[in-house]
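**Q** Please put together the full structure from these sequences, using the hints given.
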Amino acid sequence: MKVYTKTGDTGTTALFGGTRVSKHNIRIESYGTVDELNSHIGLVRDQDINQVYKQVLVEVQDRLFTVGAILATPPEKETLKNGQPRLQNLGIIESDIEFLENQIDIMEESLPPMTHFVLPGGHQTVSYCHIARCVCRRAERLAVHLNDIEPTDEFVIKYLNRLSDYLFVLARKLSHDLKADEVQWIPRK
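Position 44 (the sequence shown) corresponds to 44 in UniProt numbering; numbering is contiguous.
Keep in mind the hints are simulated off the structure, nothing from the lab. Mixed in with the good hints there might be a few duds.
Derived lysine-lysine pairs resembling DSS-like cross-links, with alpha carbons at most 27 angstroms apart [claimed, not checked]:
#	residue 1	residue 2
1	23	2
2	54	189
3	179	54
Computed spacing ranges between beta-carbons, pair by pair [to be verified]:
#	residue 1	residue 2	range
4	74	181	26 to 32 angstroms
5	9	154	23 to 29 angstroms
6	105	12	29 to 35 angstroms
7	39	87	21 to 27 angstroms
8	176	12	24 to 30 angstroms
9	150	88	41 to 47 angstroms
Note that the coordinates shown come from a computational prediction; the quantities given were computed from them, not determined experimentally. Backbone N, C-alpha and C fix where the C-beta goes; we use that ideal spot for every residue, glycine too.
**A** Below, the structure written as structure tokens:
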């Protein structure tokens, strides 16, 4: 199978189920941003960080492939002609969200309470994590926008929301672990 198909040369691409849409379609923007997020998470995972965080991030990357598949499937193509779901055995479920919440709780146990907003930075690894968090927030906004147009799996939006929380706490935890300066924003008086 060749990487290039030439079918997108006119500015369209196919969704799961074969429907062709413009490459700037909100559905394409949604799952394309999830793909971008997955790449940024790979960059965080490639840093010299605790193996536990790396294992969690691999799980997150796996879940993001599922999120992308869900977002790439228009509602009218979710069911095959034989009545079976197109994405059999794929989905985001409550336990995926609970997994992130548990990881957040574990990390927060060893962190001082937040009293101010945190400025991104302090260490390259921490900065990569903040970039991933920002891309995650954008992916969430796009998924919400898509949901305003066509129904989207509610767990996808919840997962992206919780993932951005996880990435924020991971950035704080990495700052702590790496003994990086965590600069807090204090508004001018």
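**Q** Each of the hints needs a verdict: does it hold here or not?
**A** Here is how each hint holds up against the structure:
1. 23 - 2: 20 angstroms, holds
2. 54 - 189: Violated, at roughly 41 angstroms.
3. 179 - 54: Measuring from Cα to Cα gives roughly 19 angstroms; hence the hint holds.
4. 74 - 181: 26 to 32 angstroms: 47 angstroms, violated
5. 9 - 154: 23 to 29 angstroms: Between residue 9 and residue 154, where Cβ atoms are some 36 angstroms apart, the hint is violated.
6. 105 - 12: 29 to 35 angstroms: 44 angstroms, violated
7. 39 - 87: 21 to 27 angstroms: Check passed, 22 angstroms falls within 21 to 27 angstroms.
8. 176 - 12: 24 to 30 angstroms: Cβ of residue 176 to Cβ of residue 12: about 47 angstroms, so the range 24 to 30 angstroms is violated.
9. 150 - 88: 41 to 47 angstroms: 21 angstroms, violated
The earlier numbered hints that this structure contradicts are 2, 4, 5, 6, 8, 9.
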